[in-house]
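Residue numbers (the numbering used here), protein chains in the order written: chain A, 774 to 1411; chain B, -13 to 266.
Treat the hints as calculated values from the structure; they're not laboratory data. In this text, all values refer to a predicted model and were calculated from it rather than measured experimentally. Glycine residues also receive a C-beta, built at the ideal position from the N, C-alpha and C atoms. Take these hints with a grain of salt, some might be off.
So the derived list for chain B, only partly shown, Cβ under 10 Å to chain A, looks like this [to be verified]:
| no. | residue |
| --- | --- |
| 1 | Arg(-9) |
| 2 | Leu0 |
| 3 | Val4 |
| 4 | Ala186 |
| 5 | Thr201 |
| 6 | Arg205 |
| 7 | Ser209 |
| 8 | Phe232 |
Among the chain A residues that face chain B by a calculated CB cut under 10 Å, a handful are [what the hints assert, rightly or not]:
| no. | residue |
| --- | --- |
| 9 | Pro864 |
| 10 | Ala866 |
| 11 | Asp868 |
| 12 | Asn1293 |
| 13 | Ser1313 |
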Amino acid sequence: MAAVAVATRGTAPPSLSRRLHEWGLALAVVGAAIGFFVGYALGSLAIGDGDNSLGSNAGILLGYSLSAVGFLAGMGFFNYPIARLLGRPVPTADDEAYLHGEGGGLARYFRLTTDHKVIGMQYVVAILAFLFVGGLGAMFIRTELLTPTPTTATAESYLTLVGLHSTLMIFMASAAIIGPFGNYFVPIMIGARNMAFPRLEALTFWLLPPAGLILLSTVFLGGFTTGWTGYAPLADQNVLGMDSYLIAFSLIGLSIMLSGLNMIVTVITLRAPGMRFTRLPIFVWGVFLTSFLGLLAAPALLGAIAMETFDRTYLATLFVPAGGGSPYLWENLFWFFGHPEVYIFILPAFGLIMEMLPVFTRRPLWGYRVAIGGLVGVTVLSFMVWQHHLFVSGLAPALRPFYMFSTEAISVPTGLIYLVALGSLWRARTRFSTPMLFIGAFLFNFLIGGFTGVFLSDVPSDFTLHGGYFVQAHFHYTIMGAEVFALMAGLVYYLPKMTGRTMDTRLTRFQFWAVFLSFNGTFLSLLSVGILGMPRRVISYAQYLQPLNVSATVFAYLLGGSMLLFLGILIWNVVIRPVPAKENPWESLGVEWHLPTPTPVYNFDTVPTKWSLPYEYDTGRVAADVGHPAPALGGATP
Amino acid sequence: MTERRRRYIRMYALVWFVLAVAGDIGLALGPTPPFQASDLASSQSTVIKILAVIAWPVFSAVVATIAFTLFGNRVAPHEGDIDPGKLRGDSRPQIAWISASIVIVLSLAVYGTVALASDQPGAGISTTSASLRQPASPSDPLEVQVIAQQWWFTYRYPTYGGVETPQLVIPVGQKIQFHVTSLDVVHSFWFYALGVKADAVPLNDNVFTVTPTQTGTYRVQCSELCGLWHGNMNADDAMVVSSSDFAAWIQQQQAMDAPILKYLPAYSHTYEPNPPAYGT
Ligand SMILES: [Cu+2]
Ligand SMILES: [Cu+2]
């Protein structure tokens, strides 16, 4: 356990509560175990049905829920609210500083810490871990699909792989940009010294490890056969492994919702004096608008999951037609969450890409207000399109033209993002630094994702493409090709600030070309098998589709290898053999780059009051004067 | 703008134009999935073709512009070519871009709606039984119930006394009305060659009308994840045959099923036995 380095502040020996706090992660594991067994015993004894050889469904549901509660209790999340309820004195400034991780060294990364920068780093690790495990799942899936009939997997293990890969990647994508970069940089960019609800922010992160582990534990409970969409009544039919999906996804839903709430309040209330909404960096706009999506969409998922647990535990038959329920209920609730969810993935990535563009074009962001308009348009429209997932469901055929129109209409605000990108690049002397390569690939990949989306939004062509690999490749273009490429761009760009270390330029540039080409090889093959009639999530497929599937698998191995290479470069250059980074290596005018590295614990000694947009490369004006000598501009970096 | 920059713009525009025209010719003349085995498949194929022909030049234009802005400026880095930052959002390109994308979106939506209306493929939920009759002329649709369950499809011909078969056989040139339903979870009936895809939802009748135009043996498969053997819920034996072959085949099926059929009403939509109640 790395969390034992003792942190003290002042002269007094550490109190008992601080000792417990330092051992939080160990206590959390113990708490989770106790919670699970208590919940399992209660559930099985009190309301268990007892006719399942694997144990009781109610016991597992209660066990998982209480294990999550036990985990959070061990981390120390309930100390503060309980102390308030008992009327204990409010924490002193010293206590708050301790909780914030001041002087905590490396250990603060392994315990409940309220510093948004620590939480951002925790997210980096968690996101990469999810990406790694989910990617392994993809490799197994592609291996199985080398042949048209089952070879390496059984029908059961294959569907569990599909479920784990997809659900883990959805968890990853929900926070891939907003988690690491939103948490780390939004408070700095708006001139705040912390988030509005720092404990809540820590909670949104610490919900992730239990969610991931509970989801993975499905392999001990028979797995689940529904994929990430959890369609009922198939979910009603599933064995206990389904409960892992339900509880894990509800923890993620909770995290998305609370993170949204926290970001909204932070951006509205904690902006520095002089930081108007018209001066917010475009990345902050992206995160801010995404937060509304999270806050408003996740409750639909949480409600649907609660209903599904009622179905599975009390035979409530909410989704079972023979009992008076309807599968359409799940489909609607799920996609009412599910479609805004895909914009929860991509909006922060749009923001991040537009935030980085001016740094490499050395020009102001072209059309800042157009960019905001585009982001707002996507946000509003994204709540009005979910029925496009139900075009072949037989539900409300009369409404299909409306949802076809609303879905196609989203391409107008999305097009504005491209207009801004092109306007920014037009007549610029772009610096081809490594993040810029990933930005270019992002624009290309998302363009394919968007254009393939047009074919899916059109009802007649959707009749043939729906539910097939065309859809699968389409959303991999948007999630992997765009969002994960934005994540890689962001890591290469921001790691020098976050860690003071930098990734090897030549290796990363080689990795870029490998990942870009293998990604497109994989998913162009899969777009093709989709057009030719291959359904999603099948272990067997028609013989004539084998050559394209082999091509997809070979490219997928290269893609997996190049993703691994990225992880390898990152770990090698940042952790094992640290390569110190230059201060402000990209010569950005953003305020985050003009604070000392590492960023001071409370960001600003004195909060700046004069702010401008961080894109004034024609005048060279820094977004805010932070009193830290700016490194001289001039002399491009590769 | 220098002469050199103008030359580069012309070069990129030319490359784009050649690519766009060549691509569009290929897309327009080449075969487009899901091909031509039914009226529905042909119209879907046309829709996909038209969308692709519209999309390709736009897509390649954006890619060419990205490429030009990235590389064109790089190879012609004269000071006069580089705008240091006066361009903060000129309103003319914005208006042009927004109007163009709105026009494209509106025409796509109108075209899609018209194509959808002329196909009339899905009638959606209907639990009331329509008037039942044996098809007298090719303009009367032949009803075929598709009953999905884990993990196969059963086909029922209500107008032929409720004959049930594990194999789908339909006559060419005859309007077929699929009534898709399920006995357990959500499935989706996908007859790729005919351009038919309809979710099978318990207690729901999802109607899809199609006229096959080419005889042949085709694949039908489930396209909604429905549990363990979803990947094997397919068959390569669905047949579109001539109407005389169909008449012979259905008579043979009726003869085989005669001992059961005599207990059933002559024409009925109702599938017996009813789906089992939940939990029993
Ligand atoms: Cu959607
Ligand atoms: Cu099925």
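Quick one: which hint numbers does this structure break? Sort them smallest to largest.
2, 3, 5, 8, 9, 10, 11 and 12
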